[in-house]
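Each protein sequence line maps, in turn, to chains A and B.
For the first sequence, this note's numbering gives the first residue as 1, with consecutive numbering after it.
For the second sequence, this note's numbering gives the first residue as 1001, with consecutive numbering after it.
The reader is advised that the hints may include incorrect statements.
Per the computed footprint, the stretches of chain A lying under chain B, defined by three or more beta-carbons under 8 Å from a beta-carbon of chain B, are [unchecked claim]:
no., region
1, 70-76
2, 101-107
3, 151-165
The following label-pair restraints were derived from C-beta to C-beta distances [what the hints assert, rightly or not]:
no., chain 1, residue 1, chain 2, residue 2, range
4, B, Thr-1151, A, Pro-87, 36 to 42 Å
5, A, Thr-142, B, Asp-1022, 24 to 30 Å
6, B, Asp-1160, A, Pro-37, 44 to 50 Å
7, A, Thr-138, B, Ile-1142, 44 to 50 Å
These aren't lab readings, by the way, just hints derived from the structure by calculation.
Predicted model only: the values in this text are computed from it and were never measured.
In this text, a Cβ means the ideal position worked out from N, Cα and C, and glycines have one as well.
Next come the chains, spelled out residue by residue.
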Amino acid sequence: MDRNQLMKWIKTPTKMAHKYSLNAVYFCTGCGIIEVPPTITTRWDAERFGVVATATPRHANLFLITGYVSVKTLRAIIRTYEQMPEPKYTVGFGSCTINGGMYWDSYNTINQLDKYIPVDGYIAGCMPRPEAIFIAVTHLWTLIDKDMADGYKRYRKNYGAYRANQEMVLGELEWPPLFPTEIHTNTGEGETDATAATPTMTEREKDDELA
Amino acid sequence: MTSSLSTRLDATFKGVELGSGDDDRLAVSIPREAVVPVLTFLKEEGYDYLQLISCVDWIDRGEFELVYLLSFYTEDEVGGDGGKQDVLLKTTVPREQASAPTAIGVFAIAEPHEREIHELYGIHFEGHPRLTPLLLDRDYEIPPFRKDFDTKQYVADVFDRVPPVEEEG
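With the hints as constraints, model all of the structure from the sequences given.
Below, the structure written as structure tokens:
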């Protein structure tokens, strides 16, 4: 064990445990998944970094969205993401998750993934090499250390806005809302409800206006 | 043998046009009504494998072109010379109220191909048992593979319209 990290282990054991046991849900979207089998097997051996592929989202805390996301896949992604226990981290893999990539004008691929589920980080490239996954993992460690990998908290907080966006593309969803949706809404007309529900929001918004 | 096949096709069916193929493929254009009889004829000739049905949208001509690519598994039975050509069977369908007879009665494998063409081009196949969605999850006013489907406009209207979720830094 790295002796320099001993104090971290004593002070924040949960964070350290989360960092070094990233269980990636083995969910294949698009072409990027072709990089994942060599990454998790002997050639690059992601287990050196504590990354293991799991078969079910209920055992996973890392979600790699590997490649373009079609509308049909988005439905599965949301269901998978909502089944994962917290804390959970999402990494968009490849340029398609950032802005659509080469499928930016397709009739059937959503372009920006972070409109529908929160994303903690992106790996740019088409395709990124397996080494890029490890760079992303080490970045994710830093983010977890600094409490910046908070996508699951943002999802809980802005669930109304995320759910509204999901319904804009997928139509009516056949599963019930995961969280109460009225806490924060993305559109302007929901402002009054939001302020009534959480007074702290108004203070923050005032700060934003002053700034 | 191939030349005799084309002559026999010409003699048996009306309106058969022999197009310019290449060494490997014989291109044949037929009217829409003759699709099923010609497919049956070719199947009896030994073309037992419908590789694919493709569709081309010739929007300037105002018609779709359906392309049936016929091939065979056994070389001995077809022609016997081992150098048999595949057959590209082409037919045209008007873009307005596009419909074509189904080929399922001759080749059962035509079912998913025709379903896909129905979904992506909006061609109705008469006699097809289930023209339900195969690949797409959404409804489109214009089937998305038609040339007058404006993908960029569609992306702007549907996906770019979705607002980003406000995030506090």
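Quick rundown of the hints versus the structure:
1. Judged by the Cβ-Cβ criterion of 8 Å, the region 70-76 of chain A is covered by chain B as claimed, because 4 of its residues qualify and three suffice.
2. With 4 residues having a Cβ less than 8 Å from any Cβ of chain B, the region 101-107 of chain A passes the three-residue criterion, so the hint holds.
3. Counting residues of the region 151-165 of chain A whose CB lies closer than 8 Å to any CB of chain B gives 5, so the stated coverage by that chain holds, three being the minimum.
4. Restraint check, Thr-1151(B) to Pro-87(A): a C-beta distance of roughly 38 Å satisfies the suggested window 36 to 42 Å.
5. Checking the proposed 24 to 30 Å range against Thr-142(A) and Asp-1022(B) shows it is violated: the Cβ atoms sit about 59 Å from each other.
6. For Asp-1160(B) paired with Pro-37(A), a C-beta distance near 34 Å fails the hint of 44 to 50 Å.
7. Thr-138(A) and Ile-1142(B) have their C-beta atoms about 47 Å apart, which keeps the hinted 44 to 50 Å range intact.
Consistency with the previously given hints fails for numbers 5 and 6, ordered from lowest to highest.
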